[in-house]
Structures are given as C-alpha cells and as structure tokens.
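**Q** All chains should be modelled from the sequences, with the hints used to inform the complete structure.
Anchor point for the sequence shown: position 50 equals 649 in my numbering, and the numbering is continuous, going up by one each time.
Calculated from the structure, these hints are not laboratory results.
Yeah, the Cβ is synthetic: ideal placement off N, Cα and C, and Gly gets one too.
Each statement offered as a hint is correct.
Distance windows between CB atoms, simulated:
| hint | residue 1 | residue 2 | range |
| --- | --- | --- | --- |
| 1 | 673 | 704 | 16 to 22 Å |
| 2 | 646 | 694 | 31 to 37 Å |
| 3 | 656 | 680 | 18 to 24 Å |
| 4 | 692 | 669 | 34 to 40 Å |
| 5 | 676 | 702 | 21 to 27 Å |
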Amino acid sequence: MPARVDAVSMLQGLALGLLFTTAAARISATRTRAMPGGLSLFRVVTMRGDLLVGLARQDIPGGGTGPEADRLAGRIAAEGQVTAWRYVIRRGTDGAMRLVARDRVCLLRQDVLMLEPHEPALPVLPPPSP
600 MPARVDAVSM LQGLALGLLF TTAAARISAT RTRAMPGGLS LFRVVTMRGD
650 LLVGLARQDI PGGGTGPEAD RLAGRIAAEG QVTAWRYVIR RGTDGAMRLV
700 ARDRVCLLRQ DVLMLEPHEP ALPVLPPPSP
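**A** As structure tokens, then:
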C-alpha cells in the first residue's frame, strides 16, 4: 500500500510542477512584451469604477528606488493630481484587438482608491502625439 501512495504523491507533484511551469511561462511572456515609447500601464480603481491608464515612464518620478506604482502613488499624493491617457480595447483595421489611447483623464488624490501595474495581453498603441 505505501508504494501506491508514493506513486500517487509523485504524480500529483509532477502535475503541480507542470501547472506552475506553465503559469510562469505565461507571466514571463506577457512581461517581456515591449510597450511603445517607454509607456507604463496602470489599472486605477476609483469609486465610480476601474480605469486603464498609461503614462510615459519619464512622467513617473524616478527619484525613488521602489516600483513604478509606488512612485506614481507618491506623486499623486504629493501633487494632488496626475493627468494620464485612458486606454480602451478597440478593434484595428485588420480586425485584431488592441489597446488604444482614448482621451486624457485627470486622476485626483481623493478619487484614487487603488493603483496597480497592468501587464497587457493585447498589443498597445502609443498615444497620439500632441
């Protein structure tokens, strides 16, 4: 009986290892996808709902050593507001789905409940030039 239990445990361990390896490969594949022009995307939760916003990396303060989300949250807290591009999913002329900049939005300190980095699964188009 112990030999059967060991075989079952070994098969469960192999299945679990395969599951983690597949998940890690998917995560690393999405993280290596380059976004245009040094763009960083963030999911912002407000009282009204969620927004997907994009900021140029030079607009995020570089003085800190922490993650971009922490530095952006610090900037919102210090300045009281940040202007960013709102991104939405649109279908391109070729029929493929992609993230495109829709309009400029202002994130106010009192409205932002949560801010987290967003790793897109779709291609991202750069915002229009001014």
